[in-house]
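J.: Sequence:
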Amino acid sequence: MGIVLVWILCAVLKFLCPGYFAEMPTFGISWISILSGIAVGVLTVLLAARAPAKKAAKVSPLAAVSGNASYAQPVKTAAKTAFFKVDIALGIHHAKSSKKNFFLMVGSFALSIILFLCFSTAVDFMHHAVNPLRPYTPDISFVSTDNTCSIDSGLIKKLQDNPKVKKAYGRMFAYKVPAKVNGQDKVINLISYEDNQFSWAKDSLLEGSVDDAEQKDNKALIEFGSNNTLSVGDTVSLNFGDEQKEITVAGLLNSTPFDSEEGVENVICSEQTFRQLTGYSDYTIIDIQLSNDATDEDVNAIRSLIGADTNFSDSRLSNNQAKGAYYSFVLFIYGFLVIIALITIFNILNSIAMSVSARIKQYGAMRAIGMGDRQLIKMVTAEATVYAVSGIVTGCVIGLPLHKLLFEKMITSHWGDVWQLPIGVLGIIILIVVAASIIAVNGPTKQIHNMTIVDTISAK
Numbered sequence: 001m002g003i004v005l006v007w008i009l010c011a012v013l014k015f016l017c018p019g020y021f022a023e024m025p026t027f028g029i030s031w032i033s034i035l036s037g038i039a040v041g042v043l044t045v046l047l048a049a050r051a052p053a054k055k056a057a058k059v060s061p062l063a064a065v066s067g068n069a070s071y072a073q074p075v076k077t078a079a080k081t082a083f084f085k086v087d088i089a090l091g092i093h094h095a096k097s098s099k100k101n102f103f104l105m106v107g108s109f110a111l112s113i114i115l116f117l118c119f120s121t122a123v124d125f126m127h128h129a130v131n132p133l134r135p136y137t138p139d140i141s142f143v144s145t146d147n148t149c150s151i152d153s154g155l156i157k158k159l160q161d162n163p164k165v166k167k168a169y170g171r172m173f174a175y176k177v178p179a180k181v182n183g184q185d186k187v188i189n190l191i192s193y194e195d196n197q198f199s200w201a202k203d204s205l206l207e208g209s210v211d212d213a214e215q216k217d218n219k220a221l222i223e224f225g226s227n228n229t230l231s232v233g234d235t236v237s238l239n240f241g242d243e244q245k246e247i248t249v250a251g252l253l254n255s256t257p258f259d260s261e262e263g264v265e266n267v268i269c270s271e272q273t274f275r276q277l278t279g280y281s282d283y284t285i286i287d288i289q290l291s292n293d294a295t296d297e298d299v300n301a302i303r304s305l306i307g308a309d310t311n312f313s314d315s316r317l318s319n320n321q322a323k324g325a326y327y328s329f330v331l332f333i334y335g336f337l338v339i340i341a342l343i344t345i346f347n348i349l350n351s352i353a354m355s356v357s358a359r360i361k362q363y364g365a366m367r368a369i370g371m372g373d374r375q376l377i378k379m380v381t382a383e384a385t386v387y388a389v390s391g392i393v394t395g396c397v398i399g400l401p402l403h404k405l406l407f408e409k410m411i412t413s414h415w416g417d418v419w420q421l422p423i424g425v426l427g428i429i430i431l432i433v434v435a436a437s438i439i440a441v442n443g444p445t446k447q448i449h450n451m452t453i454v455d456t457i458s459a460k
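For the sequence shown, the UniProt record's numbering gives the first residue as 1, with consecutive numbering after it.
One should not assume that every hint holds.
[Unchecked claim] Label pairs and their in silico Cβ distance ranges: (1) D212 with I306: 42 to 50 Å; (2) L342 with S281: 58 to 66 Å; (3) K216 with G335: 43 to 51 Å.
[As the list claims (entries may be wrong)] Straight line, CA to CA, 27 Å or less: simulated DSSO-like cross-link-like pairs of lysine-lysine: (4) K14 with K323; (5) K216 with K176; (6) K158 with K186; (7) K157 with K180; (8) K100 with K58; (9) K404 with K164.
What the hints contain is simulated information worked out from the structure, not anything from laboratory work. Ideal Cβ positions, reconstructed from N, Cα and C, are used throughout, including at glycine.
Taking the hints into account, I'd like the entire structure generated from these sequences.
T.: What follows is the structure, given as structure tokens:
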């Protein structure tokens, strides 16, 4: 079954991202993986069989032949009925009667929560680092050959009127502008944004206001990073020849489409502010996003709008490859979380069922002395609740600090996002634990209800 599942996943990866996985065999067999899996399985079974084997070795042959091999553990303390009715008190008492069993049950519940919380940070990391198709990712671009503001700004209107163009947006660049901030010399790349790009920038805002930079004169945005020394509220004095002009930092973004150069900081402003500061009005680059039905002929027609002094870049193929790589990573990350969730469910179902089966004769004796089915259900439910609540609390106490640590190492240190309580992720795994515990109780209680008292007591 595992081999077939691996074959299916290999086929999916080859379909999603042929550029990276085209040479990977779909129906290959890894003998090392198979042997390793067998070794782990055998070792696990042998370790799991040690405790029952030791217990069986202590049973006399006469007791084993007579079918009375089970023996009751000595009762050190009675169930506490001061706060709960006897059925609930017995359920709580059963859960805590064996410290070793209680520790293993709570540990297994908690481990599932810890793993889910820790691996969920990979989802946030994926959205920051692996997703190359940002909202601003273009299909094709026009780029000035000498990186100056030399592409006619009127071209934007022609592109926007083309039915095959979904979005067209340009940027103006002024490279390595001398500047002063708080008396210190700096070098600035001044970049313009228009409405679309300011709208996308709002999703990356860490501090301050994007609207101020978009709507007010002489306001700007900066990017978080090790190369950045500016802060929100700083005034930047730009030196354009003999003129000194000032802009104020209005917001901090966690990411932008631009590469950073050592010693040079990127500053983003509106087109109006850029033109007032530099006197330039044309674009350095124009990015174009195409409609889904755009053909190569449509792209050639768009390309004919520019002259020989402008470079043309077609990113459609690389975008498709990047999208396939992203979906492959999504399959891996979310698939792993689903596996953790399934292991959690099966573990809880099996653990509760085994716990009830171990006490099946005790439940039969309780029914014989007058305990009703409702009371038995409450008792089993109380036992499962103790395991679930203790596991959830332990898992949260250990898992949340680990989640915070991993988030800060993987995300905050690179993109500046502040850690927040993962309410959604926490809610999902807690819901899975609670739902699995409820389902786990349902099966054994039905089994006890359907068995006669004699069958329950004599059950093996």
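J.: Is K157 close enough to K180, meaning Cα to Cα at most 27 Å?
T.: Answer violated: K157 to K180 is near 37 Å, above 27 Å.
J.: Check the hint pairing K404 with K164 against an upper bound of 27 Å on the C-alpha distance.
T.: Cα-Cα ~45 Å, so violated.
J.: Between the alpha carbons of K158 and K186, is the straight-line distance 27 Å or under?
T.: violated, 38 Å
J.: Are L342 and S281 spaced within 58 to 66 Å by their CB atoms?
T.: About 59 Å separates the Cβ atoms of L342 and S281, which means 58 to 66 Å holds.
J.: CB of K216 to CB of G335, is that within 43 to 51 Å?
T.: holds, 47 Å
J.: Between K14 and K323, does the CA-CA distance stay at or below 27 Å?
T.: holds, 13 Å
J.: Against the 27 Å threshold, does the CA-CA distance of K100 and K58 hold or violate the hint?
T.: Judged against 27 Å, a Cα distance of about 19 Å means the pair holds.
J.: Checking one constraint from the list: CA of K216 to CA of K176, max 27 Å. Satisfied?
T.: holds, 24 Å
J.: Do the beta carbons of D212 and I306 sit within 42 to 50 Å of each other?
T.: violated, 34 Å
In summary, the structure is inconsistent with hints 1, 6, 7 and 9 from the numbered list given earlier, while agreeing with the others.
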